[in-house]
Amino acid sequence: MKTRYTYGGDEHVYIEMDEEMSLDAFFKGLSMSNAVRDANIPGVTEICPANASFQVKFDPDVTLPDDMLEKLKELEHVGEAADKRLETRIIEIPVYYQDPWTHETLMRFRERHQDPNGTDLDYAAKINGFNSAEEFIEAHHAQPWFVSMVGFVAGLPFLYQLVEREKQLQVPKYLRPRTDTPKLTVGYGGCFSCIYSVRGAGGYQMFGITPMPIFDPEQKVKYLQDFMVFFKPGDIVKWKPIDRTEYDRIIAEVEAGHYQPKIASVTFDLEEFNADMSGTNAKLMEALNDA
Amino acid sequence: MTLKIKNPGLSTSIQDLGRPGYFHLGIPIGGAMDRFALRAANMLVENDEEAACLEAVFLGPEIEFLEDRVVAVTGANMPIKVDGEPRQAWSSFLVKAGQTLGFDFLKTGARIYIAISGGITTKPALGSRSTYPIGALGGFEGRNLQSGDEVPTGQMELKTEGRKIPVNLRRGPSDPAELRVLPGLYWHRITEASQKQFFGGEWAVAPEADRMGYRFKGGNALEFVDRDQPFGAGSDPSNIVDGCYSYGSIQVPGGTEPIVLHRDAVSGGGYFTIGAIISADMDLIGQLQPHTQARFVKVSMEEALAARKERQKMLSSIRQVLG
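Here the protein sequences come in this chain order: W and Z.
The opening position of the first sequence corresponds to residue 3 in my numbering, with each subsequent residue numbered one higher.
The opening position of the second sequence corresponds to residue 634 in my numbering, with each subsequent residue numbered one higher.
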């Protein structure tokens, strides 16, 4: 892993922890971005952690770009030395796989897809060596996921699965992006899953939909009354497959204003995870039993 | 209420200088695409420079005033009328209760900024009145204006009419537009020949040009330096592991058509970027129409900072002229 520093115009410094995705690169980036926040460097206006990189937006009238770059470099060792431990939460997110709404949409944009004759899930299953969409769905929800970035559009989480690299599911994006994606679609591109927080354009493959809102600018949804965006980097997610009946039940509960997602506080320790992935995951998921 | 929207034009929205601080959650800074013009318009009507104005693109709105206000219009060249009578751009004029502010067809530029004395006073969202329609945030009910909307503005004693910004202190793109670029970010991903061609190329603004980004076409496709794609990036050579995007950054999906991200940018994604438009020239992009010819000009950080100072100096000169 080699850290690379570069400018994005005269108002941004972009710091790439690694070219490839790994939890090590994510943790180093998160720790370093926290160190930057704690350092209160004059002129810094935004700190945006991403999967294996982060970006600092600053006012060059307050701190000159070269000085900013130097100050950031000085903080690299703080990021490296930081505990790779997070006090965080695990959330159970209900997913209605193979739902009618994403199905309608993926059929509408078939000519932009690698496999015009199948569905996104059939294609994902095939190229990842599974015999059926059902087997692929099982692999998608059996092990938990880590929110490694929030962004693209308002409140959209990128999620990285907590499994060995050889077990990571990988799917290309659409050949040409769609102009439409249903709100709350569970999508997939590269090695990342995502939830589309709002309706709009998108290039990720579409697997299903969640009834659980994750962005509410009006803050009417009960669990979004403190802040309109649900996810933050470091959150852990366990997908729970649901059927149409359960989907409709949750939608009704959300509309009635009393739906509450299942959430438990957990500690995630990267070294512990690297030493025993399935044991760590089992412990994380157990926490949801008491939630 | 002060303003009644009789016709919203093509796309008219409430904008101020935006909402910094939420890009890490995917909520962009937003705000005026031509900030120079918004500040100038506010100065003309003696508002705070960051007060919320109307930004209208390509086609002006028609607005009935329900109360007397002093108004100024800056930015694109679009003839101004009050009850059919012409008014000067880049100057302040009175619109009385019952009168209608309207516009003729756009001549040059792309966006006008309409400042109203007292400023627009819709409810701020996350510290700004700027409209972010994708997130249904800010502005008027989180969306662009529609016919029949009634928009509130602040009350203040009527200010002087006839304040004027001299022509040499107005700013807009040249023709062809010259957009200065600081190479960086993933610049190393393309070959030296492509790096040269990018700056030598004749580009034109594509029809896909809006507050999120401006697409350009007409130049040569970029060639990538060979590599094995890193894990998690995706298979296309223009893919990276999804990262954060800089405002003004230039992404080139598939290496073919550059897209400059603007104020309502997506905050991140999986396309490589070759650098960014310098901060001083972001305003100019907001004034480009589709099919406008454009060139990208390579600059150093020193030149970028000098251009930034130059723009600030022009704004100070306007402050001095207007007193």
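What the hints contain is simulated information worked out from the structure, not anything from laboratory work.
Built from N, CA and C at the ideal position, the CB exists for glycine as well.
Treat the hints with care, as some may be off.
[As the list claims (entries may be wrong)] Here chain W is said to cover these stretches of chain Z; the calculated rule only asks that three of the stretch's residues, wherever they fall, bring their Cβ under 8 Å from a Cβ of chain W:
1) 664-670
2) 868-876
3) 890-902
Status of the hints after comparison with the structure:
For the segment 664-670 of chain Z, the stated coverage by chain W is violated: 0 residues have a C-beta nearer than 8 Å to a C-beta of that chain, whereas at least 3 were required. Counting residues of the segment 868-876 of chain Z whose beta carbon lies closer than 8 Å to any beta carbon of chain W gives 7, which reaches the threshold of three, so the coverage claim holds. Counting residues of the segment 890-902 of chain Z whose CB falls under 8 Å from any CB of chain W gives 4; the rule of at least 3 is met.
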